[in-house]
Amino acid sequence: MSEPRIAPDSEAAYAKSAGRQLLIFGLLVVAAIVALMWVLQALAGMVGGSNANAQAINYADQTITIALAEEPPQLDSTRATDASSGMVLGHLMEGLLRMDLNDRLEPAIAERWELTTTQATFWLRKDAKWSDGRPITAHDFSFAWRTVLDPATASRYSFLLYPIKNGRAINEGKLPPDQLGVSTPDDYTVVVELENPTPFFGKMVTFQTYFPLREDFYRSTNGKYGADADKLLSSGPFVATSWVHGASMYLEKNPHYWDRDRVKLNAINIGYITSDTNATLNFFKDNKIAFTTLSAENLREALEQRWHVKREQDGTVFYLEFNHQPNRLTRNKKLRQAMQLVIDMDELVYKVTKLPGYLPGESLFPVWLMGVNDYFRKEYPAPELKLDQDRARQLLAEAKTELGLERWPELVLLSGDNPLSSIQSEWVQGVLKEKLGLELKIDKQIFKQRLEKMHAGDFDMVLGGWGPDYDDPLTFGDLFASWNVQNRGGYASDELDRLVAIAQSSVDTEERMRAFAGIQQIIFDDVVILPMYERGVTYVVHPDLHNVKRRVIGAAVDYTSAYIDRGS
Amino acid sequence: MYTLKRLLLGLITIWFIATATFFGMHAVPGDPLTTDKALNPTIRENLEEKYGLDKPLGTQYVIYLQNLVQGDFGISFTQENRQVNDIIAEHFPVSATLGILAIVFSAAGGVLWGALTALYRNRLPDTIIMFLVILGISVPSFVVAAIGQLSLVNLNQTAGTSILPVGGWGTIWHMIVPSMVLGLSTMAYLTRLMRSSMLEIVNADYVRTAKAKGVPAPQIFSRHQLRNAILPVITVLGPQIAIITTGGFVVEIIFAIPGLGRYFVQAVQQLDYTVIMGTTVFYGAFLVFMVILVDLIYGFIDPRVRLE
Chain A
1 MSEPRIAPDS
11 EAAYAKSAGR
21 QLLIFGLLVV
31 AAIVALMWVL
41 QALAGMVGGS
51 NANAQAINYA
61 DQTITIALAE
71 EPPQLDSTRA
81 TDASSGMVLG
91 HLMEGLLRMD
101 LNDRLEPAIA
111 ERWELTTTQA
121 TFWLRKDAKW
131 SDGRPITAHD
141 FSFAWRTVLD
151 PATASRYSFL
161 LYPIKNGRAI
171 NEGKLPPDQL
181 GVSTPDDYTV
191 VVELENPTPF
201 FGKMVTFQTY
211 FPLREDFYRS
221 TNGKYGADAD
231 KLLSSGPFVA
241 TSWVHGASMY
251 LEKNPHYWDR
261 DRVKLNAINI
271 GYITSDTNAT
281 LNFFKDNKIA
291 FTTLSAENLR
301 EALEQRWHVK
311 REQDGTVFYL
321 EFNHQPNRLT
331 RNKKLRQAMQ
341 LVIDMDELVY
351 KVTKLPGYLP
361 GESLFPVWLM
371 GVNDYFRKEY
381 PAPELKLDQD
391 RARQLLAEAK
401 TELGLERWPE
411 LVLLSGDNPL
421 SSIQSEWVQG
431 VLKEKLGLEL
441 KIDKQIFKQR
451 LEKMHAGDFD
461 MVLGGWGPDY
471 DDPLTFGDLF
481 ASWNVQNRGG
491 YASDELDRLV
501 AIAQSSVDTE
511 ERMRAFAGIQ
521 QIIFDDVVIL
531 PMYERGVTYV
541 VHPDLHNVKR
551 RVIGAAVDYT
561 SAYIDRGS
Chain B
569 MYTLKRLLLG
579 LITIWFIATA
589 TFFGMHAVPG
599 DPLTTDKALN
609 PTIRENLEEK
619 YGLDKPLGTQ
629 YVIYLQNLVQ
639 GDFGISFTQE
649 NRQVNDIIAE
659 HFPVSATLGI
669 LAIVFSAAGG
679 VLWGALTALY
689 RNRLPDTIIM
699 FLVILGISVP
709 SFVVAAIGQL
719 SLVNLNQTAG
729 TSILPVGGWG
739 TIWHMIVPSM
749 VLGLSTMAYL
759 TRLMRSSMLE
769 IVNADYVRTA
779 KAKGVPAPQI
789 FSRHQLRNAI
799 LPVITVLGPQ
809 IAIITTGGFV
819 VEIIFAIPGL
829 GRYFVQAVQQ
839 LDYTVIMGTT
849 VFYGAFLVFM
859 VILVDLIYGF
869 IDPRVRLE
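These protein sequence lines map, in sequence, to chains A and B.
With the first letter of the first sequence counted as 1, position 330 gets the number 330 in our numbering; the numbers rise by one all the way through.
Here our numbering runs 568 ahead of the position in the second sequence, where the first position is 1.
So that you can see chain B by itself, here it is in the shape it has in the complex (with noise of 0.2 Å):
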């Protein structure tokens, strides 16, 4: 039932955000046609009629939304031979993997430097990472993107052979590098959050009873420290999974990715108005999906959360 809930939810927010998202759009100056050539009038009005520009804005809104409950995004105004949801299903899978990769290494990362640096308060493990989390956090993804891309060309022309791929995509060697990248920023935060989350649960009560009642170390390290710290690190998950994977369009460009975030980008700023929708909908719902995954999960870890 809460599921339920949650789910019907989800679905009028992903309306909520297409429609916004529609009207926004449109209120933007210029159409997808204005190019730095202009149009004949003539061959400006054959394209407005092709796309249904030529329309009202109301009736363009319902015929959207009906294509839309029938899953059909329409034909890309840049790409004008290929489908939106051809795009979408083209791209996103390679998003979706440099994400999966990404959020994988800076879960990870943050779980073990937060417990390490916790367990190593104010000593000098502690001081390095803290030092290297706060460069993760600040220095913007296409610095270190560029950093990552020239350190390897040096790595490359140093062995005198292609140890990694300075680019392009295609096998698990072009992921590493790029989902590191991509997972960086991530990952620093969630070091931060884990060692701050750690340090509150050091001296709670039910650690100070486990200590007192002789429960062997290890378990009350793993199972009464980590596992109640690791909380708030799985609640911001959700929103960074859509973030890191909404997100790597930089990341995508400079490693030459067929990311679906590069089309993204480039949509807006050529105001490709389907593609536009197409992946703002989509993200959307992706989005969406994964705060309601994670809500799901959590109640599965902490069991007060479940209400039912």
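Bound-form chain A, shown alone (with noise of 0.2 Å):
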């Protein structure tokens, strides 16, 4: 192969030699590529990687595949507070009651129950294993509870624990964790005693922080309890076999769960982490992901597959909250009355931000609450709200003259940097300019700059929201009472103090519907906040994929009754 001599000076001829040498360039560099890709892949296999090659559904082996949106930080139930980690738990783990299908209370480990105003029973059924294949007994739980109160363990969700008696106590270090109100008189029964009545206690058990933990388990782990999946032990329907952080996570039926013939499915295979739904959207076009949830973008895109899109509310609620500190013009109700009587939270919804599944905010309690017998909003309407420019215009004008104002000056509305955000704020702010002629500055802050701004109470308005922790009014009802670390507006209201007391401790259920009824007025005719809406949320499930359950409390989506039926 020698190269012909050709005149240097040949142009046409030197550009042919040199283009056949980066011809063999091109194909060697491509050659070699090929090769450092074999040796990536031999090194990736070592780093871990995500079951990405499985269908949504495995038909053979009643399997589907999933994406979550975050990676869960950890699996420890006694410090997990997101909702990555609610989801997972939530099929991993069962406590000692809890929701059926319907969002009823049902027994789970405990098989009954009893609740008075001083204690609660639980008595554990006999047949409930851990993943391991022993016994879950009395004090898995008492020694999880004990833990999570422990100061040592610093959990953010502590206080859910507050209404077992001297919880407060021990998490403020005051009480050894052994003072603790739990009791177990043998192995299966479970004696709680209440700092107060708290109705809601069954309900409470549900909850993730409430889930049972085996000691010598917990200790094995040397502080890294729920970090992999060989660091995790089960009580409920699955067992996570696989966790390849930020990629992929397996989770296996669980042999020993006493409940697994309602475990249909053999396995959830978590195929990949992102927060991107434009990318999971691909995914489940791709047939690689059985749920997805849609995005106000790619909802259209969603509808055009002609895909059997679902909506329903996520059990979160938006509001304007006021400041209600001295120092502040917001103080003052009249002004505050102004604002709610031309702001159209209708229009907001329906016609500004327009995005599925969201619902006119018109009260602090969602819609999903229950009540006595019915949900609560059905047994106590909100208090309806006639707009009124005119109304408006003449409480502005007395606000002024009581606040002894030549001209209004700016009022400063404290506001997210993310677009949702964005728009509302604007439109709020177009609103209050048009029908008021009101100066609103909007300061537009990111996250921990804005949650700084708000507990310096460094706002006259601010977009706020909240989520529930229990599933009980008293969740949103206490929100607004003047000791709560949550009202950073300041409001202090002593008939609401005494409403908020009703409802923590009464037994009697219509008598604490009737008190979260009087503080929704309160909030209502004070104008404490200003409700904008119940967040929606859009999602797809593949056709053949039945009985996903979407919930408020706990995993957001719940696959432990799910079945796959390729007929319909």
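Calculated from the structure, these hints are not laboratory results.
The C-beta atom is built at its ideal place from N, Cα and C for all residues, glycine as well.
Accuracy of the hints is not assured; some may be wrong.
For the chain A half of the interface with chain B, some residues (derived, Cβ under 10 Å), not all of them [claimed, not checked]:
no., residue
1, Q21
2, V29
3, W38
4, P72
5, T81
6, D150
7, R168
8, L175
9, T221
10, D228
11, A229
12, N278
13, I502
Footprint (simulated), chain A over chain B, 3 or more residues, beta carbon under 8 Å [claimed, not checked]:
no., segment
14, 585-598
15, 605-611
16, 629-635
17, 658-669
18, 726-737
19, 818-826
20, 829-843
Residues of chain A placed beyond 10 Å of chain B at every Cβ, according to the derived structure [said to hold, decoys possible]:
no., residue
21, A15
22, T189
23, G457
Bring the two chains, given one by one in their own frames, into a single complex with the hints.
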């Protein structure tokens, strides 16, 4: 293969020769890259990959593949607070009681229970076992709860256990954990002494913070409980058999689960972890995952595919919070009332943001909360608001006189920096300017900075929201009690505090619901906040996958009762 | 001696990065414990004690440096049961794999296209490639990544079977598209660099001399032109490697790849102090190391740079 000698001044020949060299170079590069990729694959096998080749539904194995939006920070039930952990823990674990598919309380590890004003007693079923085959006993619950409340654990959700006697004192470090008001007369009975009457305690024990924990296993993980698949012990329908951080997780049916006949799926393969809903939509289109949440941007595409799109509320309420501190103009009630009379939340939800599943805000209490026999909002409808611009202007003028103002200064609306918050705050700004002539300055801040400013009370109005911690109206009802750290506008009303106290301690459901209705009325009359909307969620499920349950509390998407049926 | 001096300077740089990040991070309003849901004071105190946030900043800094020297980055604030060391150890290899492949793609492609365009200067191949280069440089990676993924979906749908996976990680098939997407802008940048550097050399004295004394064309091209033109490309390669390996978070999120870039960005958003410090110091050290490495390689290619 000798190169012919060519005259160097022959440009064309030179280019030809150089071109040939480049071609050879190119081929070599391609070969090198292929070789490199094989090497990298071998290495990648060592650093772990996802089970990303599976189809959405594997009919032969009765297995589904799904995606998670975020990697669960850890699956330690004493510490978990986020939605991803809640979703996975809801499949791995089960507490004393659980919620059925119709959101009613049903027995789980406890086969029966009894609740009085002073104590709760749970009788555990004897066939309940951990995923290693050993029985689940009463001690596993008392140990778990002491761990949650131990100051050294520093659990963010420890306050959920404050209804248990001495819970708060232990968490504050004033009493040792063994002083907790939980006793285990035998291996299968848990007796809880309550600090105050807690009528919703049955619902509380369904939540992850109340899940059991086996002492010997927990200690054997050396503080890394729930950090990896082999550092987890399941009490529920599934067992985590693999967990590649940031990539995948494999949940197999737990053969020792007492209620295993209920579980139809053999495994749930979490094949992808990404927060990008466009990506998950692509996976869904490619038949790689059996469920995806949709965003406003890709909803239309989903409809074009003629999928059966479902819409619901995710349980979170958003509102315009006012600053009630003495040095703020927004402390003036007439000013707040004037705003209430002109801001039309129907317009916001149906004409401005136009997001599917969203409901205009009417109350601090979202529609899904249960009252005495029916939904709370059916038994105690939200006060009706009649928009009235003339009355609003009149109130505004009165407010101006009361405050002794020449003209209205700019009010500050604190807002997040994401697109949705921007649209909403600009809409509020536009409405107030157009209908009341009020000038609003939008103070757009990134997440942490906005929280810091809220905490410091550095705002007149702020876009706020609240998702429930437990399944009782109280999780919303106590938000604006004068003592609540979440009440950043500093609203204080003796009447509201009194009603919250009733709701906290009364055992009469009717009396409690009346108290919540009273709180709902005060929030409206006093314009403590302006409810803006209840957040919606849209999603598609693979047509052959049935009985997928969405929940507001716990696992947001619950596959524990799901089954595969190709028929329909 | 020269190498030793460079390494020492590198260490000082890393110390400086750690210090600046530490104080900068603490100057940002808020802390890792501020979330949407305000913590009650008791719970906050418990957490502050656990993470040592209750101590004065100076003390925290000293403790931090002591741990750093021992190579311990601490526990993450958001993933409370995981060591930052574990997070880096598990996720950096993924980012690095993706990054290496992207760099190889872009360097090889850059040199190839650059040489080609220089050869066909002002003719059709040159115009087409240079147009694509402008596109490659100006279109942001999240757009390229989204388009790349969508084309994969369409490809699979047209074919009726899975030709290439749309996302995920684990096999060589998962790497191809993400690494090309990741390396695209660098490839475009290197093409331009290579083209101009080739053109500069075409008329250089030593090329003319070589031609005059009758050196065969293939040798002029590879030994005189290509070898000299490649120098600037290698110079920028070091920083580009760091940019690619650290800047992969968009690609990592869209293609659901468990790389470190994702953790890096999330940590900053959530002010996860320990993860911010861990990843910054680690990436900082990586960058410093790359620059030193390039200097050494440079000396190897161009003997004039060898100082001693």
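Practice item. Just pull the numbers of the violated hints for me, sorted ascending. Key: 8, 11, 13, 16 and 21
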